[in-house]
Amino acid sequence: MELLLILSLISLLAWAYLVFGHHGFWRADQRLPQNTGAPLNNLPPIVAIIPARDEAQSIARAIKSLLNQRYEGDFRVILVDDGSRDGTAALAQKAADECATGRSLTILSAPPLAKGWTGKLWALSHGVAKAGDKARYFWLTDADAEHGPDVLARLVQKAESDDRDLVSLMIRLRTEGFWEGWLIPAFIFFFQMLYPFPAINNPSQKTAGAAGGCILVRRHRLDQIGGLAALRGALIDDCTLAAKIRDAGGRLWLGLADDSRSLRGADGLKPLWMMVKRTAFSQLHFSSFLLLGTILGLAMVFLLAPIATVVGIVTGRPDLLLSGVVSWLLMIIAYRPTLRDYRRNPLEAIGLWLIAGLYAMMTIHSALDHWRGKGSQWKGRDYDRHGTLDSHKSDGGP
Numbered sequence: 115m116e117l118l119l120i121l122s123l124i125s126l127l128a129w130a131y132l133v134f135g136h137h138g139f140w141r142a143d144q145r146l147p148q149n150t151g152a153p154l155n156n157l158p159p160i161v162a163i164i165p166a167r168d169e170a171q172s173i174a175r176a177i178k179s180l181l182n183q184r185y186e187g188d189f190r191v192i193l194v195d196d197g198s199r200d201g202t203a204a205l206a207q208k209a210a211d212e213c214a215t216g217r218s219l220t221i222l223s224a225p226p227l228a229k230g231w232t233g234k235l236w237a238l239s240h241g242v243a244k245a246g247d248k249a250r251y252f253w254l255t256d257a258d259a260e261h262g263p264d265v266l267a268r269l270v271q272k273a274e275s276d277d278r279d280l281v282s283l284m285i286r287l288r289t290e291g292f293w294e295g296w297l298i299p300a301f302i303f304f305f306q307m308l309y310p311f312p313a314i315n316n317p318s319q320k321t322a323g324a325a326g327g328c329i330l331v332r333r334h335r336l337d338q339i340g341g342l343a344a345l346r347g348a349l350i351d352d353c354t355l356a357a358k359i360r361d362a363g364g365r366l367w368l369g370l371a372d373d374s375r376s377l378r379g380a381d382g383l384k385p386l387w388m389m390v391k392r393t394a395f396s397q398l399h400f401s402s403f404l405l406l407g408t409i410l411g412l413a414m415v416f417l418l419a420p421i422a423t424v425v426g427i428v429t430g431r432p433d434l435l436l437s438g439v440v441s442w443l444l445m446i447i448a449y450r451p452t453l454r455d456y457r458r459n460p461l462e463a464i465g466l467w468l469i470a471g472l473y474a475m476m477t478i479h480s481a482l483d484h485w486r487g488k489g490s491q492w493k494g495r496d497y498d499r500h501g502t503l504d505s506h507k508s509d510g511g512p
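Residue numbers (the working numbering): 115 to 512.
No lab work stands behind these hints: they were computed from the structure.
Ideal Cβ positions, reconstructed from N, Cα and C, are used throughout, including at glycine.
Just so you know, not all the hints are guaranteed correct.
Here are the simulated lysine-lysine pairs, DSSO-like style, with alpha carbons at most 27 Å apart [to be verified]:
| # | residue 1 | residue 2 |
| --- | --- | --- |
| 1 | K272 | K320 |
| 2 | K272 | K358 |
| 3 | K229 | K178 |
| 4 | K272 | K178 |
What follows is a list of derived Cβ distance ranges for each label pair [stated by the list, open to error]:
| # | residue 1 | residue 2 | range |
| --- | --- | --- | --- |
| 5 | D337 | L468 | 44 to 50 Å |
| 6 | R184 | I464 | 40 to 46 Å |
| 7 | M307 | H399 | 16 to 22 Å |
| 8 | H479 | A228 | 26 to 32 Å |
| 9 | G465 | S218 | 20 to 26 Å |
| 10 | L468 | G430 | 43 to 49 Å |
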């Protein structure tokens with residue numbers, strides 16, 4: 115029992131640090147200004163690059179949201195079709211033809227996927243190579259992302275006025291079903307805990323992070339790190355890009371989106387589980403030591419509060435009860451801003467420990483697959499356990 119009390123007090127100290135320190139990550143207050151500020155004297159040329167593979171359900175809305183951007187500078191959109199089998203390119207062209215903005219869409223076909231690359235990075239690199247030398251920034255976004263009309267102008271204003279080499283937004287994810295509603299806000303919360311946005315946005319800090327659904331990156335910084343080839347094979351390509359930009363002396367900014375949303379949904383627990391499992395162990399650099407530390411850390415931080423509370427009630431130990439209740443309250447306080455941002459019931463914060471347990475099991479599943487030599491599959495392609503194309507199962511093409 116005394117051991118449980120000691121562990122509970124350690125958990126309490128951890129939550130005290132997370133709430134009163136750790137850069138205030140939980141406040142969820144890092145956002146682009148609503149207005150674009152004072153007009154820039156010379157609006158930089160921008161090229162948006164979208165990798166797409168079998169995105170028929172979302173591509174039309176994504177393309178229209180890009181072509182309808184209220185950006186007065188030179189702006190072009192390149193779609194790189196990565197071997198789609200569902201008519202993605204034709205639907206994208208049709209959507210572009212329906213826009214009355216006068217902007218055109220360039221559609222490229224990516225070459226067969228090269229060994230050692232992930233499909234997304236391969237397609238993006240092809241788009242960057244074909245973009246020409248004029249662009250000052252590349253806007254890297256997804257084929258299932260829909261952006262409000264002023265998003266690009268706000269991204270550029272932030273980059274130019276605040277001298278940022280990479281500006282990124284964590285786009286709003288769908289939370290329509292039961293499992294999406296329970297797991298997605300927690301995913302955002304955990305991401306902010308791992309990569310505190312205020313620390314990323316502070317040039318004096320070494321923390322680096324980005325969100326792949328919306329990244330505006332300065333061209334010369336991308337060239338400086340060796341282009342997207344420097345990221346080849348990276349499953350966590352967005353954060354890898356941010357780390358390399360920061361290591362090269364670049365300045366980062368990452369915030370929560372208010373007008374950019376994902377059109378992709380996950381109906382049920384299985385697709386969400388598979389999404390997390392696919393990259394969880396790679397996030398830990400395939401380290402058994404880091405896996406053990408992560409699982410123990412999740413248990414210590416998230417599970418001990420309810421355990422100490424219940425045991426304190428059952429055994430009549432007020433010290434256990436107090437430490438458990440205070441830790442649980444701090445957990446609830448920390449999670450509520452994210453729930454509020456996603457318009458969820460604040461009472462759901464009470465169950466964050468259960469969600470943390472689910473994510474722990476997903477991470478263990480990811481590690482087990484790696485140890486068994488089992489890779490993953492994404493849109494008809496097989497990847498080995500390190501996340502690169504498995505040449506024994508895939509020819510690199512469609």
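Hint check:
{"no.": "1", "hint": "K272 x K320", "in the structure": "20 Å, holds"}
{"no.": "2", "hint": "K272 x K358", "in the structure": "20 Å, holds"}
{"no.": "3", "hint": "K229 x K178", "in the structure": "33 Å, violated"}
{"no.": "4", "hint": "K272 x K178", "in the structure": "23 Å, holds"}
{"no.": "5", "hint": "D337 x L468: 44 to 50 Å", "in the structure": "46 Å, holds"}
{"no.": "6", "hint": "R184 x I464: 40 to 46 Å", "in the structure": "42 Å, holds"}
{"no.": "7", "hint": "M307 x H399: 16 to 22 Å", "in the structure": "18 Å, holds"}
{"no.": "8", "hint": "H479 x A228: 26 to 32 Å", "in the structure": "29 Å, holds"}
{"no.": "9", "hint": "G465 x S218: 20 to 26 Å", "in the structure": "49 Å, violated"}
{"no.": "10", "hint": "L468 x G430: 43 to 49 Å", "in the structure": "26 Å, violated"}
Of the numbered hints stated above, those contradicted by the structure are hints 3, 9 and 10, listed in ascending order.
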